[in-house]
Amino acid sequence: MTNNSLGLTEEQIARIEENRKKAIQKKGHQTGSSQKITSPFFNSTQKEESENDNGLTPSQLKTIEENKKKAMEKRKTKGSAAPPSGQRSILQFFKPTQTPTKSNSQTLATSPSKTPQASSQKSETKETTSSASSISKPTFSRPQVVTISDDEKNVNTNNKVQDEDTRMDIDDEVKPQEEDTAMDIDSEDELLINRAHSRNKRVINYGEGSSDNDDIEPSGSSLKKKYKDDDDEFHIDEETLAMINDIELEEDFWQKEKDQTDAASPKRAKSNSNSNSANWLDNYKASGSSTTTPVKPRIPSTPNRAQNTASVSSNSKPNPVSSTPKPTSFLQAPKSGKKDNEPERFRWLVDIRDAQSRRPTDPDYDPRSLFIPPSAYSKFTPFERQFWDIKKENFNTVIFFKKGKFYELYENDADIGHQKFDLKLTDRVNMKMVGVPEMSLDFWASKFIAAGYKVGKVEQMENAIGRSIREKETNSKTKIIERKLTTILSASTLVDPGLLTNDMAVYCMAITEQIDPNGTGGKFGIAFVDAASAEFHLAYLEDDENFTKFETLILQVQPSEVIYAKGSIRLSTLRSLKNNCPKLTLTPIAPIKEFWDANTTLSEFERKAYFGSDSNNWPETFKNYMTNDLVMSALGGLTWHLRYLKLDEDLLSVKNIKPFDPVKSFDTLVLDGPTLSNLEVLVNNIDGSDEGTVHQLLNHCLSSFGKRKFRNWLCHPLKDIDHINQRLDAIEDIDKSYELQAICNRLQGFPDLQRLITRVHSKSIKVKDFLSVLSGFNDAMKLFEDLKQIKLQLKSRLLINLCDKFPDLAHRLYEFDQAFDHEHAAKDGTIIPTPGRDAEYDRANQNLSDVEEELKNYLEKIKAQLKCPKIEYKHIGKELYQLEIPASKQVPVEFIKNGQTKAVKRYYTPVLRILVTKYNEAKEIQSNAADTALTRLCEVFDEDYDKWSEMVSCLATLDCLYSLYKSKSLMGEPCTRPQFIDHPKSLFEVKNLRHPCVVSQGKSDFIPNDTTLGGDEPDMILLTGPNMGGKSTLLRQTCVAVIMAQLGCYVPASSYKSTIFDRIFTRIGANDNILAGQSTFMVELSETAKILKEATNRSLVILDELGRGTSTFDGYAIAFSSLHYLTTQVRCLGLFSTHYGMLTEEMKDQPNISIKHMKCLANPNQREVTFLYKLTPGACPKSYGMNVASMAGIPEEIISKAELAAQQFEKDHQIIVDKANNSLSYQNEVQLSLIEKSNFANLMRKLL
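For the sequence shown, the working numbering gives the first residue as 150, with consecutive numbering after it.
None of these hints come from the bench; they were simulated from the model. Backbone N, C-alpha and C fix where the C-beta goes; we use that ideal spot for every residue, glycine too. The reader is advised that the hints may include incorrect statements.
Said to hold, decoys possible - The calculated label-pair distances, taken between Cβ atoms and stated as ranges, are:
1) Ala1052 - Thr627: 41 to 49 Å
2) Gln663 - Lys976: 53 to 61 Å
3) Gln995 - Asp966: 19 to 27 Å
4) Lys1242 - Tyr887: 50 to 58 Å
5) Gln505 - Met653: 37 to 45 Å
6) Asn834 - Asn777: 29 to 37 Å
With these hints in hand, go ahead and build the complete structure from the sequences.
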């Protein structure tokens, strides 16, 4: 039964009046009965005019009743059906007067113009169709809850309740609501929030909400308690509560914005400065002390997180009082004439200084740090302090800050994201912000890194429940959840498989240098690491003045970043680095403090125990270099850098440290820096890529780890004939066995196990990657089981040895297969351990089961107590274990109603709340145990790290052998297996040799050539021919053939036979070195000098047009002397190309030199030349420079004059020679040629 038209029962009205009286007593008002108290449903100034207790005048009630009757009659006339059962309409009315606050013992006066009485009186002077339209814009005190009785549900009027910004229809047919989302309507504790109500327009970036858990209780019940006003009691409707629970609120931002808004408006009372949390529901309930400016609620809507860009706004206009001023950008100078509301505290982002207050113009400026004045620091909210604590130590790093389901970038980082990558920029109080969803972090981080930025990841270490548990354990209160900077990513230290874009190793290197006081060279200590595979290398070099070994190492390793101590490296060394690695990043750091010396390095390694506390278990390579100060200092600088990036423990604890020798002269063919560059072995000389290189020609590996190993093979071809033949035998085995080819083809699609096991060791691997590791090793076991089945058919001892040494870890893989649910892990990305396999998870599960049993027993107790078997638990959103009781059932007074439908009501009891909290904590502990289950699995896996690594090595070797086979099959015919002989005299004999890189491009018209050096033939070929005749190609293809043969690969020739070469020297092309301050001729002579000093009778030497960089006679003299020395003193094999015709005349009788040329056909009349590219005995009659000039488009007039000059030059030269001969002949003196004079001088030198 109801006693008024709004459907309020007598019981409800009594309870409302009782609560109002309690509120009066609680406030302790001193003004007596004359004090007017504003309550949600009663207004003392209205009660004299109305017979109801809902704040409506009789005229308003009468109008509503008339409209209802008209609507019912209209429905009956049309024959409309009654609305479904349980359907109801709701009106919300907001009291115009303001509710008293704690800080004000006096009743806040309400402006007469804003009262319902005034509104009503004004409306009565006009003809209106709706009484509600006369209500003026409210000041947002507590909303009224109006219930329409069943006989009034068919009302269909045009009446509307409207304010300035929002209108809400009340006459439309009400749609039925779901039972679980129905609203409570019979309790004064119920608060209905109209989401369409006027509020500040809030533009949020990239589809993110304010997605933080900070200061949000874990359950809706806690939320209600938290947002409970002192003088009022209410519950939040379930639909609004679900919305609140779905949104992760960042209260620190809202509190700061609220404070600034209060400060900006002199008419508004400032909020309590001692309050540390911004309660938007409190703002919604209380309007402050102003009678003109209402406090509007900050209720963010849940954004569509599937989108990358979205906005969260309201239907109303933004409140200018509560809008937040934008901070001054650090990229812009502050504007003159600062406004009163312009923030002061970010001025230090305009005048940037490091931690030592040094500006960027200071030579000692540290770009990594930022100075924040204490005055500004004191104004930070807890969240802002948390952010700037991290940012001020990593100012030159873009920080991705985890908040809920998103990573956000603030201030200068936000500017970079907006300007460089078009991320939408928005303001959060005093901080600019952009952000990305967590699922796309790898994508965006890789884009920032590719653009040259370092990226730092700040992770949430807990959620709200975890924080609550931590606070109980530590007996402390924190305002925000814990976050930490977990890693800093740079292009040279990427470890996450999702960020790696290259299968090749990427190295970060540290260098120390000791200058030779005589200026003849220097000593280098070098340490470098491939972070993705945790593979460290240490090297000590004693080098010459040309940096031969150093440049060779740099060309082989191709580091991405070099770390060095400021002022410790010569400028010439830095120039050499940039010259050999144009894309290199140079990173200077402070000496001693950051780039440690040897003593500091050793003490830090002992203190951190990277290799364990027992020094006997330290890596052998590390122990061997412990007495080398240069190497230890380089390792110290590298370790400090890795520590700064949060990678030192993860990488060094693997103990994967190896020595590195760039030449390895004792067991491999030496390819120095100039040779690697001249022959384009690893990178080309055009754009620095591997297009058209020997590496691209030969590397056909199917796996990532195989490709990296093959590159190392290519840098260091073999010198041992037996090892070379083992590789060649393996190629033959693969070629003959289709079954073996099928086995090798299964390597395609293997995950990068070498890098992934490093992630397992560091316990930073993702679930999907861990599953890939297990799957990959299972496939590896099956692959080698099949390989062992055909072991007896194999000829290659290398393949047989691979089968024998491949570790058998099938039992380990079986244990991991039984340890957890693989299907669930693949689907949900979480590890659920099998019962009995993980003690910690089992304990957490048992604890949760115990709590669930308590909840079950409590439910049975309640059923027995109320004698109602229909009582059950109901879960709605995050509101778990609500007691759902039939609506007709009476419950004890301690039952707290939490929601209801027409049929049932839902309650919590004090005991049940304790049990639910206990359940949430147990669930969190179980979740943590599940999250850390992967860590425990990684620890078990890492116990056999060496064996897993050996399995990867065997797979990589098999892949490299298969790559050599693929190279053979792609070369075409003829293709031959090289033959090596052990002979005291060097020999190189090849028939129909083609350049492999040209042949691989599909050019079938390439002209092959035969080349024979040593043995019964001369050791050196003096090669002449026209420009563009193919001389340089012949030189290069000879060297490449030697590299391929000693690598263990087939050669594109009909036959190949040679002795083993120990080193290849090349002097090809005319390149200056501006960065090193060297001219073309200087570079030419430096490389030649190194050849003359280091070449042996087992070396292959290639000299292309030596002496071109200076005058004709000087160049000729140098070419002659160098050639003579190599053929008479060194006795190496080689090819020497030249355009000096006189040189062929001098050397024609030298028995150790064979004179040949590249054949061509010339048309003297038309100045045309046809290149035949065929190696032919004898000297080329001319260089045909004029013909080539004509082909190149030089004007005919210039060519004609050049011909006349050339003829005159030849004539004059011939006259001089004849005169000298006649003179000498006339005097009857014995004439010696230049070669004879040189030979005589050498003989006398030996005799003396």
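These are the hints, each one checked on the structure:
1. For Ala1052 and Thr627, the Cβ-Cβ distance of about 43 Å falls inside the hinted range of 41 to 49 Å, so the restraint holds.
2. For the pair Gln663 and Lys976, the supplied restraint of 53 to 61 Å holds, since their beta-carbon distance comes to about 58 Å.
3. For the hinted restraint 19 to 27 Å between Gln995 and Asp966, the CB-CB distance of approximately 25 Å keeps it satisfied.
4. Evaluation of the 50 to 58 Å hint for Lys1242 and Tyr887 yields a pass: the beta carbon distance comes to about 52 Å.
5. Evaluation of the 37 to 45 Å hint for Gln505 and Met653 yields a pass: the beta carbon distance comes to about 40 Å.
6. The hint said 29 to 37 Å for the Cβ distance between Asn834 and Asn777, and at roughly 35 Å that hint holds.
Comparing the model with each numbered hint stated earlier shows that all of them hold.
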